[in-house]
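**Q** Now for the letters of each chain:
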Amino acid sequence: MVVDPQQEELRLSELTRESEGGHYEGGAAVNQTSLWRDAVRRFAHNKAALIAMAAFILMLLYVVIVPWVVPYDPNAVNFDEAYISPTWAHPFGTDEFGRDLFLRTALGGRISIGIGFAATFFIMVVGVLYGAFSGFVGGMTDNALMRFLDALYGLPYLPFAIITLAIFGTVNFWTMVVALTIASWFTTARVMRGQIITLKENDYVRAAHAIGARRHRVLFRHLLPNTLGVAIVFVFLELPGVVLGEAFLSFLGLGINPPNASWGSLAQDGYTQYLSHPYIIVIPSVAIAWLILSAFFIADGLRDALDPRTQAAA
Amino acid sequence: MALLEVENLKTYFTSRRGDVHAVDGVSFAVERGKTLGIVGESGCGKSVTALSIMGLLAQNARIVGGHVRFDGRDLTKLSERELEDVRGRQIAMIFQDPMTSLNPTLTIGLQMTETMRRHLDMSKQDARRRAIELLEEVRIPNARQRLEDYPHRYSGGMRQRVMIAIALSCNPKLLIADEPTTALDVTVQAGILDLLDDLRVEHQMSMIIITHDMGVVAESADDIAVMYAGQIVEHTNAEELFDHPEHPYTEALLGALPQLEDESGREGRLTAIPGRPPDLVGLPDACRFAPRCPYANRNDGCAAHNPELREIRPGHLVRSAHPASERMTTAVTA
Numbered sequence: 227m228v229v230d231p232q233q234e235e236l237r238l239s240e241l242t243r244e245s246e247g248g249h250y251e252g253g254a255a256v257n258q259t260s261l262w263r264d265a266v267r268r269f270a271h272n273k274a275a276l277i278a279m280a281a282f283i284l285m286l287l288y289v290v291i292v293p294w295v296v297p298y299d300p301n302a303v304n305f306d307e308a309y310i311s312p313t314w315a316h317p318f319g320t321d322e323f324g325r326d327l328f329l330r331t332a333l334g335g336r337i338s339i340g341i342g343f344a345a346t347f348f349i350m351v352v353g354v355l356y357g358a359f360s361g362f363v364g365g366m367t368d369n370a371l372m373r374f375l376d377a378l379y380g381l382p383y384l385p386f387a388i389i390t391l392a393i394f395g396t397v398n399f400w401t402m403v404v405a406l407t408i409a410s411w412f413t414t415a416r417v418m419r420g421q422i423i424t425l426k427e428n429d430y431v432r433a434a435h436a437i438g439a440r441r442h443r444v445l446f447r448h449l450l451p452n453t454l455g456v457a458i459v460f461v462f463l464e465l466p467g468v469v470l471g472e473a474f475l476s477f478l479g480l481g482i483n484p485p486n487a488s489w490g491s492l493a494q495d496g497y498t499q500y501l502s503h504p505y506i507i508v509i510p511s512v513a514i515a516w517l518i519l520s521a522f523f524i525a526d527g528l529r530d531a532l533d534p535r536t537q538a539a540a
Numbered sequence: 003m004a005l006l007e008v009e010n011l012k013t014y015f016t017s018r019r020g021d022v023h024a025v026d027g028v029s030f031a032v033e034r035g036k037t038l039g040i041v042g043e044s045g046c047g048k049s050v051t052a053l054s055i056m057g058l059l060a061q062n063a064r065i066v067g068g069h070v071r072f073d074g075r076d077l078t079k080l081s082e083r084e085l086e087d088v089r090g091r092q093i094a095m096i097f098q099d100p101m102t103s104l105n106p107t108l109t110i111g112l113q114m115t116e117t118m119r120r121h122l123d124m125s126k127q128d129a130r131r132r133a134i135e136l137l138e139e140v141r142i143p144n145a146r147q148r149l150e151d152y153p154h155r156y157s158g159g160m161r162q163r164v165m166i167a168i169a170l171s172c173n174p175k176l177l178i179a180d181e182p183t184t185a186l187d188v189t190v191q192a193g194i195l196d197l198l199d200d201l202r203v204e205h206q207m208s209m210i211i212i213t214h215d216m217g218v219v220a221e222s223a224d225d226i227a228v229m230y231a232g233q234i235v236e237h238t239n240a241e242e243l244f245d246h247p248e249h250p251y252t253e254a255l256l257g258a259l260p261q262l263e264d265e266s267g268r269e270g271r272l273t274a275i276p277g278r279p280p281d282l283v284g285l286p287d288a289c290r291f292a293p294r295c296p297y298a299n300r301n302d303g304c305a306a307h308n309p310e311l312r313e314i315r316p317g318h319l320v321r322s323a324h325p326a327s328e329r330m331t332t333a334v335t336a
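Order-wise, the sequence lines are chains U and W. Its first residue numbered 227, the first sequence is counted upward by one per residue in the working numbering. Its first residue numbered 3, the second sequence is counted upward by one per residue in the working numbering.
In case anyone wonders, no lab produced these hints; they're calculated from the structure. One or more hints might be untrue.
Claimed, not checked - Distance condition first, Cα-Cα at most 20 Å in a straight line; then the derived SDA-like pairs of lysine to any residue:
id, chain 1, residue 1, chain 2, residue 2
1, U, Lys426, W, Arg64
2, U, Lys426, W, Leu59
3, W, Lys79, W, Leu59
4, U, Lys426, W, Phe15
5, W, Lys12, W, His69
6, W, Lys79, U, Arg440
7, W, Lys36, W, Gly217
8, U, Lys426, W, Glu82
9, U, Lys426, W, Ala60
10, U, Lys426, W, Met101
11, W, Lys79, W, Leu5
12, U, Lys426, U, Asp533
13, W, Lys12, W, Leu58
14, U, Lys426, W, Thr102
15, W, Lys36, W, Val203
16, W, Lys36, W, Gln206
All chains, please: the whole structure from these sequences, using the hints.
**A** This is the structure:
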């Protein structure tokens, strides 16, 4: 049989078009979804996490917006207005110096949450790098790094932060961030090390070595992106711990100095008069609890959303 | 001179009970443009041999002796950095399970261009163009669009094709395929093997195929080395091995191979090899196959010393006191 070349070409192009069409149809039928879209969908189905997210955002809005719109001076002393219980003019009341607590709680929140986010950021950087390096290199180095971490774990958390602050000599936003980072990066490092050790047994890591990829590339390109889910969850697990730590230090008078305030120092102000004016200690305490609880529930929701396998346990 | 010469390679694993002699004095050569098949059951040291060549051993494994000469250089003497330059560029490797060999967080395109950009000093655009060509070469339709996909959108067979494309991307001189078809459907297996063989010829590569499947090497290997308990027990060209197997273990392996009924006349059940391979810790100086060998007996020295690999016919090496051809003659003379 003689094949007409033109005919043959037409047939071939028909075939390819058919297969292409098939590909696209297949793609549409599968309803393309990505890991992130999947995660968002799962997160949206988790009511507790959604409410927590709303509460968290509400708190951020309060902290950011209120100082812009409230007309009072946060540090002006006015004894005529002292100890006003919550009213419409002063929703959270005023303290012994007549300062508006609605405003001061928001400003304190800026410092508390700011320290929280900054310290969490550095905890993640230090913890992820230390843990990932330790797990990736393995062997004696890993052993030495982990025993060092164990030794640090043995030191109690608060004295550790206090000593760091003492070494700095001054207490301000950034020294607090450094002190809290130094006192609390261990868990992240440990978890990251575990992640990397599990991940590096994967065939694709061996395949990356087999194509001659440099070791830093294997670590940063092939391993770390796979830990992103865990890292995100850890951001929301570390944040409450750091906020609580800051509040604790400030409550003990070791943190932010007056007239600036954080939630911890606001609670300290109310502590001496909790019988006569309980709202002064209750309000910052509720704010701290609000933030911590919402962050924990978000972390919980994120963990379920990013790693569906753990959902069975929930 | 052969492209790859492995000489008396010994790779041991450290374990609590003592050293595990995973590879214990293995020697072979791979000529340019030829395919060597390494056959053996799980744990016989065939994969460890490949990883030793690549310098990709686990942390508790070490090469305690021997040489791996590749293109005139002894790979066992190279530093990690020098080895990284050889891997992917001169020697490429394909792994058993394509489902897990691609990074789920990176696109196919990135994983393909990565190797070329690493070794060939290519621009991003050039590497992309080459990646599309390679995907077409391994017969992935719509190569251009599919570069943007993540691995989960590829089937197992397609992923193995991608792995092959990555392996070929820098035109390596040697391709090591470690059980390249084991994790795939039978129907896909043949396609992958054909593709590998075509590409090997096209790219003028040498190849080592590691498998436990005699059927796989029958199709594609020029030479075959049969490994047992960390040692080569028989080594010859493919035709000779299938027509005149000498070692009792090779015979048993071939006996365990399913065949169409009218092809060999063999009927009934497949024959299994009784017993298990020996523990590779603290092996006595005895034939390692003796406990499972139907021909071993007390007075022939099988239990007293491990036989050497000897050339029973030109180009046919065997490590046994009872190779098939000698059994015949002893039977006749007796």
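**Q** Look at each hint and say if it fits the structure.
**A** Hint-by-hint comparison with the structure:
{"no.": "1", "hint": "U:Lys426 to W:Arg64", "verdict": "holds (19 Å)"}
{"no.": "2", "hint": "U:Lys426 to W:Leu59", "verdict": "holds (13 Å)"}
{"no.": "3", "hint": "W:Lys79 to W:Leu59", "verdict": "holds (14 Å)"}
{"no.": "4", "hint": "U:Lys426 to W:Phe15", "verdict": "holds (19 Å)"}
{"no.": "5", "hint": "W:Lys12 to W:His69", "verdict": "holds (9 Å)"}
{"no.": "6", "hint": "W:Lys79 to U:Arg440", "verdict": "holds (19 Å)"}
{"no.": "7", "hint": "W:Lys36 to W:Gly217", "verdict": "holds (18 Å)"}
{"no.": "8", "hint": "U:Lys426 to W:Glu82", "verdict": "holds (18 Å)"}
{"no.": "9", "hint": "U:Lys426 to W:Ala60", "verdict": "holds (11 Å)"}
{"no.": "10", "hint": "U:Lys426 to W:Met101", "verdict": "holds (16 Å)"}
{"no.": "11", "hint": "W:Lys79 to W:Leu5", "verdict": "holds (17 Å)"}
{"no.": "12", "hint": "U:Lys426 to U:Asp533", "verdict": "holds (18 Å)"}
{"no.": "13", "hint": "W:Lys12 to W:Leu58", "verdict": "holds (15 Å)"}
{"no.": "14", "hint": "U:Lys426 to W:Thr102", "verdict": "holds (12 Å)"}
{"no.": "15", "hint": "W:Lys36 to W:Val203", "verdict": "holds (9 Å)"}
{"no.": "16", "hint": "W:Lys36 to W:Gln206", "verdict": "holds (9 Å)"}
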